[in-house]
Amino acid sequence: MARLNVNPTRMELRRLKTRLKTAVRGHKLLKDKSDEMIRQFMSFVKQNKALREEIEDDLREALKYFMLASSVMGEENTEQIFAVPSRKLNVETSIKNVMGIDVPMLKITGIEGDLPYALCSVPADMDVAVSKLTALSEKLLLLAEVEKTCNMLALEIEKNRRRVNALEYIMIPQLNETIKYIMMKLDENERATIIRLMKVKTMLEKNDDA
Amino acid sequence: MSLNKVAVIGEKQIVTAFRAVGFTVFFADAPSSATDILRELVKSGEYAVIFITEDIAAQMHDTLEILKSRSYPIIVPLPSLEKNGYGMECIKKDVEKAVGVDILFNKDESSNGGGK
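Residue numbers (our numbering), protein chains in the order written: chain A, 1 to 210; chain B, 1 to 116.
Just so you know, not all the hints are guaranteed correct.
Straight line, CA to CA, 20 Å or less: simulated EDC-like cross-link-like pairs of lysine to aspartate or glutamate [to be verified]:
| # | chain 1 | residue 1 | chain 2 | residue 2 |
| --- | --- | --- | --- | --- |
| 1 | B | Lys-97 | A | Asp-32 |
| 2 | A | Lys-49 | B | Glu-40 |
| 3 | B | Lys-92 | B | Asp-102 |
| 4 | A | Lys-159 | B | Asp-102 |
| 5 | B | Lys-93 | A | Asp-35 |
| 6 | B | Lys-12 | A | Glu-56 |
If you're looking for bench data, these hints aren't it; they were derived computationally from the structure.
Take these sequences, add in the hints, and give me the full structure.
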């Protein structure tokens, strides 16, 4: 592992030691965060899967009724009665904070308007389809919310894992290595100084004798 | 910018039904036109949720991927008459991204998915 390119001085050593302390602490915190995010992600993703399965079945059934009705009525007629959007769905959007990520939150504030057609002018299947879809719309929005939360959590977990790995496998070993290098270098300098002093002393003593 | 509408993009025969619920409906038969519509909708900033039918969504995966990291709009593949599993595929991808391995789905197919 490559060590950092620094001067082997006491000051540098002190600086690196504080950096190492921060890195270790950051690593621990990020790891904890990652664990918690995965835990939350799992619960969200389970909900997401269940919800999607449920909706896929319900929606297919609703659409089947719709197809049946529209085939009875003919394509043009179907288009005609739905040509004017008489209903309007309003949703309220807000933002919820999950593990430091801003995830969306939706709320239906109301469906305005009435059915776009007269009840007597369409087959009964159409009514069934529309009422099923209306009931489904709330679930669909919930699915949207949960699915987005999952998406964003997954992205964040991935990012966080990179950070953890960078700290664990690059930053911390590098700092450790550099600290070790500086300490060895300083020790070596110290020994060199002692030896030099001893040498000088013996030389001086020799001079005195002579 | 009011961000309170819900849109559906998809094949005419299927998505017309959503008009009755109050969603704003856009017709698109091919991924290219759907991408254009999607771009417009995102730019307008009025739509909180955009549903796209699975068949089309599966073919515009790259575009959807870019929009994933933003909180709004939420883009959801919508299951249509015949299932092609794109929506489930997305969930699976998320799990793989987050955990590293797919631990939700391979329970049912552990007999043939063991080699992964």
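Structure-based check of each hint:
no.	hint	result
1	B:Lys-97 - A:Asp-32	holds (18 Å)
2	A:Lys-49 - B:Glu-40	violated (30 Å)
3	B:Lys-92 - B:Asp-102	holds (7 Å)
4	A:Lys-159 - B:Asp-102	holds (18 Å)
5	B:Lys-93 - A:Asp-35	holds (19 Å)
6	B:Lys-12 - A:Glu-56	holds (19 Å)
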